[in-house]
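Novice: Listed below, chain by chain, are the residues.
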Amino acid sequence: MKRFMTCIECPQGCRLEIETDGARMISAAGEKCERGPAYAKQEIEAPMRTLTTSVLTRGLELKMLAVRSSKPIPKGKLLEAMDAVKRITVTVPVRAGDIVVSDLLGLGADLVACRTLTRL
Amino acid sequence: MMKERELVIVGGGPAGMAAALAARAAGVEDVLLLERDQHLGGILNQCIHTGFGLQHFKAELTGPEYAERFVGRVRQDKRIEVSLRSFAVRFTKDKVISCLMPGAFREVKARSVIFATGCRERTREMIPLPGSRPAGVYPAGLAQKMINMEGWLPGREAVIVGSGDIGLIMARRMALEGVKVKAVIEIQKTSRGLVRNVVQCLEDFGIPLYLQHRVARIHGRDRVNKVDVVKVDEELKDLPGPGFEIACDTVLVSVGLIPENELLEMAGAEIDRKTNTPVGAGVNFTSIPGVFACGNACKVYDLADWVTRDSELAGRQAAQYLAKTEPPRL
Numbered sequence: 001m002k003r004f005m006t007c008i009e010c011p012q013g014c015r016l017e018i019e020t021d022g023a024r025m026i027s028a029a030g031e032k033c034e035r036g037p038a039y040a041k042q043e044i045e046a047p048m049r050t051l052t053t054s055v056l057t058r059g060l061e062l063k064m065l066a067v068r069s070s071k072p073i074p075k076g077k078l079l080e081a082m083d084a085v086k087r088i089t090v091t092v093p094v095r096a097g098d099i100v101v102s103d104l105l106g107l108g109a110d111l112v113a114c115r116t117l118t119r120l
Numbered sequence: 001m002m003k004e005r006e007l008v009i010v011g012g013g014p015a016g017m018a019a020a021l022a023a024r025a026a027g028v029e030d031v032l033l034l035e036r037d038q039h040l041g042g043i044l045n046q047c048i049h050t051g052f053g054l055q056h057f058k059a060e061l062t063g064p065e066y067a068e069r070f071v072g073r074v075r076q077d078k079r080i081e082v083s084l085r086s087f088a089v090r091f092t093k094d095k096v097i098s099c100l101m102p103g104a105f106r107e108v109k110a111r112s113v114i115f116a117t118g119c120r121e122r123t124r125e126m127i128p129l130p131g132s133r134p135a136g137v138y139p140a141g142l143a144q145k146m147i148n149m150e151g152w153l154p155g156r157e158a159v160i161v162g163s164g165d166i167g168l169i170m171a172r173r174m175a176l177e178g179v180k181v182k183a184v185i186e187i188q189k190t191s192r193g194l195v196r197n198v199v200q201c202l203e204d205f206g207i208p209l210y211l212q213h214r215v216a217r218i219h220g221r222d223r224v225n226k227v228d229v230v231k232v233d234e235e236l237k238d239l240p241g242p243g244f245e246i247a248c249d250t251v252l253v254s255v256g257l258i259p260e261n262e263l264l265e266m267a268g269a270e271i272d273r274k275t276n277t278p279v280g281a282g283v284n285f286t287s288i289p290g291v292f293a294c295g296n297a298c299k300v301y302d303l304a305d306w307v308t309r310d311s312e313l314a315g316r317q318a319a320q321y322l323a324k325t326e327p328p329r330l
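Protein chains in written order, with our numbering: chain A, 1 to 120; chain B, 1 to 330.
By construction, these hints were calculated from the structure, which means they are not laboratory data.
We put the beta carbon where it would ideally sit given N, CA and C, even for glycine.
One or more of the hints may lead you astray.
Listed next, the stretches of chain B that the computed footprint assigns to chain A, with coverage defined by at least 3 CB atoms under 8 Å from CB atoms of chain A [as the list claims (entries may be wrong)]:
| no. | stretch |
| --- | --- |
| 1 | 49-61 |
| 2 | 148-155 |
| 3 | 193-206 |
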């Protein structure tokens with residue numbers, strides 16, 4: 001079975017032509033780098049996305065702190081992860097890369113701060 | 001007597017920071033960096049999505065992470081004076097910059113100047129978008145700041161006009177926050193944003209993209225309550241037929257950016273009326289010797305990485321100009 005897909009690994013957005021048996025990738029073509037086939041395989045078998053959002057703070061120099069998942073999480077878990085993240089308020093100063101929530105929803109990815117925030 | 005500085009850079013976003021660091025690396029001993037906000041980083045602070053740094057750092061970073069890598073280096077360099085909450089309001093052709101600061105007014109004379117002033121958004125008023133004037137119509141970048149930095153949701157049900165990257169990224173951002181994003185409406189035949197953003201921002205969330213459609217009217221008295229959408233032909237003319245309505249309380253307008261070059265204009269620099277960008281002998285040059293423009297003020301870039309690359313060049317160009325015009329030491 002033939003499928004077309006746009007690689008989202010980088011802004012080049014290569015158009016990939018993929019041969020699958022329905023559940024698994026057999027071959028991929030059209031990529032400009034080795035990340036293309038790896039992306040296609042992952043996307044067909046279990047699509048993953050990096051979650052980025054911002055959470056409330058209290059007593060820090062900005063009202064919100066930008067956060068991200070330390071690695072991609074299953075695409076289907078994004079909204080569930082957002083529900084968990086919405087409850088968080090950060091009240092202590094952070095540096096970029098600090099863990100805000102470890103092992104988010106047991107998915108193996110941490111929620112980490114994207115910037116440094118000091119006290120107000 | 002007014003203090004003379006070697007290099008003054010207006011704007012502390014990705015362009016200004018890259019220019020400052022590159023100028024220092026090329027031997028400029030005195031840099032004053034003016035930033036109107038309370039923080040360095042510019043628009044990167046509100047661009048919390050990933051996609052930055054793939055070219056420059058070979059890593060996929062968020063906007064704040066990309067900014068932080070420069071902020072740290074700028075802050076460590078004692079010969080870069082960072083002046084926050086400093087809003088440049090006047091510029092003359094003999095390179096005097098006037099600046100408003102909290103409770104103060106400062107004037108500096110520069111030997112060389114780099115404008116890294118970025119863009120502002122095109123607004124509803126700049127495109128034909130008839131209808132009433134209710135609350136709930138926002139430029140997409142403003143909505144981005146509200147959601148990502150202030151913690152406010154602009155509404156519950158949204159339609160996005162224009163499919164540039166900011167509009168696409170805001171579609172995803174609002175969907176994640178529980179806003180029902182009903183449609184992205186694009187008058188052209190293809191999205192103006194990156195294909196990857198159409199995939200990961202719209203398709204991932206089942207948000208329909210209506211190509212060759214336009215919002216013909218915004219309805220609502222106090223607050224937006226619906227928009228009319230019509231299909232257009234190759235010449236962007238409305239096709240006959242009734243079109244359709246979409247109920248919504250929010251309309252985000254993502255229809256492009258305008259380089260901010262009013263200070264350059266004030267000093268008599270030549271500006272291309274169509275693009276609002278400076279006219280010069282090459283990238284980053286203006287028509288005034290020793291005065292440069294870089295980043296989105298020079299041309300609208302689609303990647304911050306290219307802003308960094310070309311702004312580093314601006315820093316070196318300023319350094320070269322300064323070296324050539326070294327005043328005699330007394």
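Novice: Each hint should be assessed against the structure and marked as holding or not.
Specialist: Hints, verified against the model:
With 5 residues having a Cβ less than 8 Å from any Cβ of chain A, the stretch 49-61 of chain B passes the three-residue criterion, so the hint holds. For the stretch 148-155 of chain B, the assignment as covered by chain A holds, since 4 residues bring a beta-carbon within under 8 Å of that chain's beta-carbons and 3 suffice. Counting residues of the stretch 193-206 of chain B whose beta-carbon sits less than 8 Å from any beta-carbon of chain A gives 7, enough to reach three: the coverage restraint holds.
Checked against the numbered hints given earlier, this structure breaks none of them.
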